[in-house]
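Chemist: Now for the letters of each chain:
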Amino acid sequence: MKDTITEYLNSRFSEVLLPQRDINTNLLYFTIKKEALPTVVQTLKDHPEFAFTYLNDLTSVDWLGKREPRFEVVYLLRSPKNKHFRLQLRVPVGEGEEVPSIVSIFPSANWPEREVYDLMGIPFSNHPQLERLIMPDNFIGHPLRKDYPLEGPGQDYLIEDLLTIHVNEDIAG
Amino acid sequence: MVMYEKTAEHFGKKFKDLPEGHLLVNLGPSHPATHGILQNVIQIDGERVVDTESVIGYVHRCFEKLGERYDYNQFLVCTDRMNYVSTPLNNIGWILTVEKMMQIQVPERVTYVRMIISELSRIMDHIICNGIMGVDLGAFSGLLHLFHHRENIYQILEKLTGARLTTTFCRVGGMERDIYPEFQSEIKTVIKGLKPALDEFQDLLIRNKIFNERTAGIGGLSADRAIAYGFSGPNLRAAGVPWDVRKDDPYMFYDKVDFDIPVGEDGSALDRTLVRMEEMRQSMRIIEQLIDGIPEGPYHADVPHTFLPPKDRVYHNMEELIYHFKIIMHGVKVPPGEYYMSTEAANGELGFYVVSEGEKSPWRVHVRRPCFWYYQAFPELVKGGLLADTIATMSSLNVIAGELDC
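Residue numbers (the working numbering), protein chains in the order written: chain V, 1 to 173; chain C, 1 to 406.
Zero decoy hints are in this set.
With a Cα cut of at most 35 Å, we get these calculated DSBU-like pairs of lysine-lysine:
#1 C/K14 to V/K33
#2 C/K256 to V/K83
#3 V/K66 to C/K333
#4 C/K192 to C/K209
#5 V/K83 to C/K195
#6 V/K34 to C/K14
#7 V/K34 to C/K100
#8 V/K2 to C/K333
#9 V/K45 to C/K383
#10 V/K45 to C/K247
#11 V/K2 to C/K256
#12 C/K100 to V/K81
#13 V/K2 to C/K100
#14 V/K66 to C/K326
#15 C/K333 to V/K83
#16 C/K188 to C/K256
#17 C/K256 to C/K195
#18 C/K100 to C/K188
#19 V/K66 to C/K100
#20 C/K360 to V/K34
#21 C/K247 to V/K83
#22 C/K383 to V/K81
#23 C/K247 to C/K100
#24 V/K146 to C/K100
Interface residues of chain C toward chain V, partial, derived using beta-carbon atoms under 10 Å:
#25 E64
#26 L66
#27 M101
#28 R225
#29 G230
#30 V241
#31 E338
#32 Y340
#33 M341
#34 S342
#35 Y353
#36 V355
#37 S356
#38 Q376
#39 A377
Worth flagging that the hints you see were computed from the coordinates, not collected in a lab.
Everything numeric in this text was worked out from a predicted model, so none of it was measured.
All C-beta atoms, glycine included, are put in the ideal place defined by N, C-alpha and C.
Please take these sequences and the hints and turn them into a complete structure.
Modeler: And the structure:
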């Protein structure tokens, strides 16, 4: 299954696939350009053989100070037809950039996208109701960002602290 | 209050220009039938629901952010507070993810006990869900009848872990402590009492005409829509889709035990209740297969740097003392990587997505909690129905605020 999908995506979407980092993971993953996301998701969903008909998870990672661009939105698709095989799509996003919404393909993406927008501050274009979901409407900032101070706004020294705190710790031994 | 005004403004936008005769009703945030603190703003025309808007976040504690600060064992206490009706299931889901990342093989004894506790927790969760559903619809005795048996399970958990609600049961590589001598016999007694009680509950509540008419065909969702909304667990199976993580992507020893996956037909509130009833019986079947076969052996894996050494060795051995300090101060060492692991919790697929950079704490923790995906379908489930039916629908979904907000 792994090889078939890799081959398929490489031949069909070679121009939108981005070079991958070497990640130690239990999932098959592909990094793709954000503009191509809806097309790729729709194709994987409609493909009669792959049939990734279930959106399993949708979240984002903030790589502040570690990687460029800063954010990655992570989609997990599941194919019940192929023994519930899982495939991860990773979409790198810079600060202030929009990601196309996939609510029209998977209605279930509605709240997870709103959650990512609310907590991580990544906007989704064409989302039917892009509003804060968990925090109050008048909340300032996005709490899951790495530079959001742990004890609330106004304690900016923590940002520096957060980025350096574990760097020199001896935990490799 | 600024927050209130903002919220009122927001609803003004969504529900502006209400037709004459339409009303806005606030169901929640503090309402006995909302199972925690949730708000539903419901537009009604007479008794009919025209539109709804769900407001969540009242019990949000930003566990994902805490996960980036705590070490892997410390985050366990956060998982306790997610689905607080069946805490060990959350504990086990998290610990299995971490163990997978660290590639630790736990002794068979640990897996057996974890599976037994998981299934007991599933029973506890379903008792509450079905029982409280009866309460929400006006029938109290069903819950009382089963609560006695739930209490018996709580007593076993209390003896095993020292706590009733926040069990914090597992540790990376094993369990907090070994089982106590009467563990097996007590569970057998509980199951012996629970079996007839479930049948009585079914006769008392589910075969009751009022309960039946208030739940049959209410809040239903077709199989396709349920999949489109990311449903999992009993709510998806009630719609006739036989998906179960325990069968589809087996973890622990679920591929070695016999059990069936009950499915419903139309995904209505009644079907969800019936699926949960049958799941409790299947859980007892799994426990019965395991309970006599718990192998002898240690209750944690023999992997250095994961488990606190025994106190007598800490007091007399320098190496052990250093290990002890290292585990307390720096936690366990998880190699860099990204893992997604899901387990079948009582409510559906509970997934943990963990990004590790090899540091003390995860770089990112994300919890795929089943309630979150159910609840976004709520407007579609209740639109066009009666206002009173929204209660039956919400109860049957088993929305738990602690898990939903996370």
